[in-house]
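S.K.: Now for the letters of each chain:
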Amino acid sequence: MSHFGTYEERAKDFTWTQSETEIYEGVRSRNIGYLCSDRICERGLGQKVALYWEGFTGQKKVFTYDDIRVYSNVFAKYLEEIGVQVGERVCIFMDRIPELYISFLGILKRGAIAQPLFSAFGEEALFTRLDDAKTRAIFTTRKHLNKVRRIKAQLPDLTKIIVVDNEGKPLEKNELSFEMEHRPKVENYDSHQVNTETPSVLHYTSGTTGKPKGALHVHGSIVAQYITAKWVLDLHPDDIYWCNADPGWVTGTSYGIIGPWSNGITQAVLDAGFGVDKWYAFLQDYKITVWYSAPTAIRLLMKDGVEKVNKYNMPCLRHLCSVGEPLNAEAVLWSEKAFRRPFLDTYWQTETGCIVITNFPGMKVKPGSMGKPFPGITAAIVDPKTFEPITKPGTVGLIALKPGWPSMIRTYWNNQTTYEGKFKNGWYICGDRSSIDADGYFWFVGRDDDVINTAGHLVGPFEIESALLEHPAVAESAAVGKPDPINMEVVKAFVALKSGFEPSDDLELEIMNFIRKKLSPLAMPQEIEFVKALPKTRSGKIMRRLLRAQEWGEEIGDVSTLEND
Amino acid sequence: MTEEEIKKLIVDYVIREYLDDDTTEVKPDTKLISSGIVDSFSMVSLKTFLEKKFAVKIPDDKATPQAFDSVNNIISLLREFGINPT
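Line by line, the protein sequences give chains A and B.
Per our numbering: the first sequence = residues -18 to 546.
Per our numbering: the second sequence = residues 2 to 87.
Among the clues, some could well be false.
List of simulated lysine-lysine pairs, DSBU-like, C-alpha gap at most 35 Å [unchecked claim]:
#1 K366/A with K284/A
#2 K9/B with K405/A
#3 K154/A with K58/B
#4 K54/B with K284/A
#5 K166/A with K28/B
#6 K498/A with K58/B
#7 K268/A with K28/B
#8 K268/A with K54/B
#9 K53/B with K141/A
#10 K345/A with K58/B
#11 K498/A with K463/A
#12 K32/B with K479/A
#13 K498/A with K28/B
#14 K41/A with K54/B
#15 K53/B with K58/A
#16 K42/A with K58/A
#17 K8/B with K522/A
#18 K284/A with K9/B
#19 K42/A with K32/B
#20 K318/A with K345/A
#21 K48/B with K141/A
#22 K58/B with K366/A
#23 K154/A with K133/A
#24 K284/A with K32/B
#25 K28/B with K479/A
#26 K192/A with K(-7)/A
#27 K405/A with K41/A
#28 K32/B with K517/A
#29 K405/A with K192/A
A few chain A residues that face chain B, going by a derived Cβ cut-off under 10 Å, partial list only [what the hints assert, rightly or not]:
#30 E153
#31 M161
#32 Q174
#33 A253
#34 V287
#35 E288
#36 D431
#37 N434
#38 K463
#39 P466
#40 I467
Simulated from the structure, these hints should not be mistaken for laboratory data.
Keep in mind the model is a prediction, meaning the values are calculated, not measured.
Note that beta-carbon positions come from the ideal geometry of N, C-alpha and C, so glycine has one too.
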């Protein structure tokens, strides 16, 4: 029996107070770090496993709730000792090792703001985000230390570079060695007292123009993350849960840390790249019951067919969800064959902090649909010009949400104007297009801007184009999303070369690697088309939408402002 | 090229382009994709490198994470396209 019951029952009289009561009853603090560790121990679950961890070499570790309580205390106390102040930003820049998950709670206990960043980010992507946040400290590993070293001279606020696996190797100025399991245990630590509006997590997200924006969340977000994890992911006390997402992105924190641990659930983490056999073996060996994955991963698994699934024994698997990009109907139907249950699509964004439109356990699934709004979320499709709700079923408009749910961001860091620009006519505009059918199900259509959604991650074209211009051969460039059967979109770059440079395979590879190292593998163009010049408006602005339309086989639309050759 | 020369060429490329630390050792049987040294997006640049270096076209359905998961696997893949070490 799912926690959710029927949609009608839940939606009828839902208030967030229900969740507040469950999460805050009898607590000593409203700090997320405390709520996800000490609170669970206080409820008698200290010896329950919080984390099964397996590395890519097969190395295994197990942490109970009492372990993560004590180790997160160790992190918090250490930050206090080295002078990190309440409200300062502390970045987590490492692969999915236990220290990532536990330091997240420790940073919050200290009262600092956790700033997790995807460890595959290159130095320029890292610099942009650390510089904007004026980050005080960073937790990293030897594997990623060189990237930090190359930019630290330009980051005067970054005075604590903490290496969690240094093992006695030489360190430079402002670098510190901190090995969690070798530090003295800290049995008791008073988490910094917060209220629901105290800043907690800063996640960076990309837009069409300008630099990535820091989406600032607050400790009160847990009210939404707790109940959505419980109802949508249908987490029960005996579940073993696996979330594929990296905590460098919001899914990895909202539902890879806060959601499961605030529910006292055992989760398993695999710190390894994608591999069909590796993943199925992980599901089998850890007896995973609830799996939160992504369409790109599901489509990769589909390539190896149901036969491959049948080689593994996964009788415990009972609930599957997906996030990051629209889940196509074929993937839903395939999972019904392969796992005897559908993947349920969930929709949300960095800015929403929690699942807002979704398919629910027990609700009829319409394959390819996003589902319905979570109870407590008022969602509509609005007209792109008037921002008035559209009531006619099947009409495409912009997805809009009534502000006020607990996990919504409170601002963009240093960018309140852009934040305010997201609200129109009393609605928060998500930036995605969709329609609603006669039964109230939402159907995703696409983005309403030039942001590229590749494998569920948003990549801003401006950031790629800026980086491309730093390559000595590039005169001008445009980056667009092109359709891809696995990743939904991948980055394609159009590049005009400076005089003296000629297109070649060597140059294409050089530019690919240049972007990968500067920004990230996600931002690396999977294809580069060398052109003589880029289409521009008469005012000189590159017409990215024209290039995008060309890639998608869409009508080019109004080109009256196109510059004449 | 001998098999050893091909292996060295690929290993050197992986170290130069995908590794940024001096603590990870790459051998012909080191896991590349499942270890996260080369992620699935970066496989495209590794594929482009191989195609350029060995003048072959590797179809997308052959460029799987398994086929790229070690230098030894890549050598086997190249053999399918007639690249046989001397």
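S.K.: Look at each hint and say if it fits the structure.
M.R.: Results for each hint:
no., hint, result
1, K366/A with K284/A, "violated, 42 Å"
2, K9/B with K405/A, "violated, 58 Å"
3, K154/A with K58/B, "violated, 48 Å"
4, K54/B with K284/A, "holds, 28 Å"
5, K166/A with K28/B, "violated, 38 Å"
6, K498/A with K58/B, "holds, 25 Å"
7, K268/A with K28/B, "holds, 33 Å"
8, K268/A with K54/B, "violated, 44 Å"
9, K53/B with K141/A, "violated, 43 Å"
10, K345/A with K58/B, "violated, 45 Å"
11, K498/A with K463/A, "holds, 21 Å"
12, K32/B with K479/A, "violated, 39 Å"
13, K498/A with K28/B, "holds, 22 Å"
14, K41/A with K54/B, "violated, 39 Å"
15, K53/B with K58/A, "violated, 53 Å"
16, K42/A with K58/A, "holds, 23 Å"
17, K8/B with K522/A, "violated, 47 Å"
18, K284/A with K9/B, "holds, 31 Å"
19, K42/A with K32/B, "holds, 21 Å"
20, K318/A with K345/A, "holds, 17 Å"
21, K48/B with K141/A, "violated, 39 Å"
22, K58/B with K366/A, "violated, 48 Å"
23, K154/A with K133/A, "holds, 10 Å"
24, K284/A with K32/B, "holds, 21 Å"
25, K28/B with K479/A, "violated, 39 Å"
26, K192/A with K(-7)/A, "violated, 41 Å"
27, K405/A with K41/A, "violated, 49 Å"
28, K32/B with K517/A, "violated, 45 Å"
29, K405/A with K192/A, "holds, 22 Å"
30, E153, "violated, 14 Å"
31, M161, "violated, 18 Å"
32, Q174, "violated, 39 Å"
33, A253, "holds, 5 Å"
34, V287, "violated, 18 Å"
35, E288, "violated, 15 Å"
36, D431, "violated, 20 Å"
37, N434, "violated, 14 Å"
38, K463, "violated, 13 Å"
39, P466, "holds, 9 Å"
40, I467, "holds, 9 Å"
Going through the hint list in order, the structure does not satisfy hints 1, 2, 3, 5, 8, 9, 10, 12, 14, 15, 17, 21, 22, 25, 26, 27, 28, 30, 31, 32, 34, 35, 36, 37, 38.
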